[in-house]
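**Student:** Sequence:
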Amino acid sequence: NAFLFEGKFENPSQIAQAALQSTKDFKEANDREKVDLITGRPTGLTTWSPPPLKVYKANWDASVDRVHSRMGVGVVIRNWEGSVTATLSSSRCIFPDAKLAEAMAALRAVLFCKQIGISRVLLEGDALNVVNDINSEAKDWSSVGLIIQDIKTELQNLEYGSVHFISRNSNCIAHCLAKNALKLS
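Be aware that the sequence shown starts at 1, since it is given in this note's numbering, and climbs by one per residue.
Keep in mind that the hints were calculated from the coordinates and are not lab data. Each hint should be verified, as a subset may be incorrect.
Stated by the list, open to error - When the alpha-carbon atoms are kept at most 16 angstroms apart in a straight line, the in silico EDC-like pairs for lysine to aspartate or glutamate are as follows:
1) K114 to D150
2) K99 to D65
3) K54 to E81
4) K114 to E154
5) K54 to E159
6) K179 to E81
7) K139 to D150
8) K99 to D140
9) K152 to E137
10) K183 to E81
11) K114 to D65
12) K152 to D140
In this text the structure is predicted, and so the values were computed from the model without any measurement.
Please put together the full structure from these sequences, using the hints given.
**Tutor:** Right, dumping it as structure tokens:
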């Protein structure tokens with residue numbers, strides 16, 4: 001968006017580094033041990049696990065600003081060694097509910113992978129209901145269901161496509177990219 005509207009090109013690596021630094025700063029600010037309110041056990045931060053060899057991992061997230069009727073999408077793509085390959089931050093003037101926003105973000109992640117030539121991808125998101133719907137055989141003709149069907153179709157057209165749920169703690173970079181996307185015009 002900065003390139004299109006302001007003529008400024010921002011290197012995807014710089015955007016990813018800024019997101020990583022924001023995540024690091026956040027973790028340092030909250031360095032004390034946290035306890036799950038239900039189980040009473042410590043909730044440790046999870047670590048990144050690599051996808052299979054020659055498969056990319058694309059984490060997605062969505063953010064909704066109801067006051068300004070905007071939606072932000074964040075996607076970070078890493079290779080099987082963990083190196084950031086590409087990032088995406090985009091926003092739209094739309095007023096979706098959380099599930100619709102997450103489904104739209106998942107679709108954007110798949111399309112972004114295809115756009116940059118990735119045909120073997122493991123998608124990860126922290127919206128369990130969307131992940132379950134994508135992995136379900138059930139048909140749903142609602143607006144969310146139609147987007148889910150588009151995701152399934154796009155995944156079938158890939159050499160390898162899989163969708164997994166991850167915790168919010170494991171999706172920090174995509175979350176930061178989605179939040180920052182709300183600031184884009």
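**Student:** The structure should be examined with respect to each hint, and the outcome stated for every one.
**Tutor:** How the hints compare with the structure:
1. K114 to D150: holds (14 angstroms)
2. K99 to D65: holds (14 angstroms)
3. K54 to E81: holds (9 angstroms)
4. K114 to E154: holds (9 angstroms)
5. K54 to E159: holds (11 angstroms)
6. K179 to E81: With a Cα-Cα distance of about 26 angstroms, the restraint between K179 and E81 is violated, given a limit of 16 angstroms.
7. K139 to D150: holds (12 angstroms)
8. K99 to D140: holds (14 angstroms)
9. K152 to E137: holds (10 angstroms)
10. K183 to E81: violated (31 angstroms)
11. K114 to D65: violated (28 angstroms)
12. K152 to D140: holds (12 angstroms)
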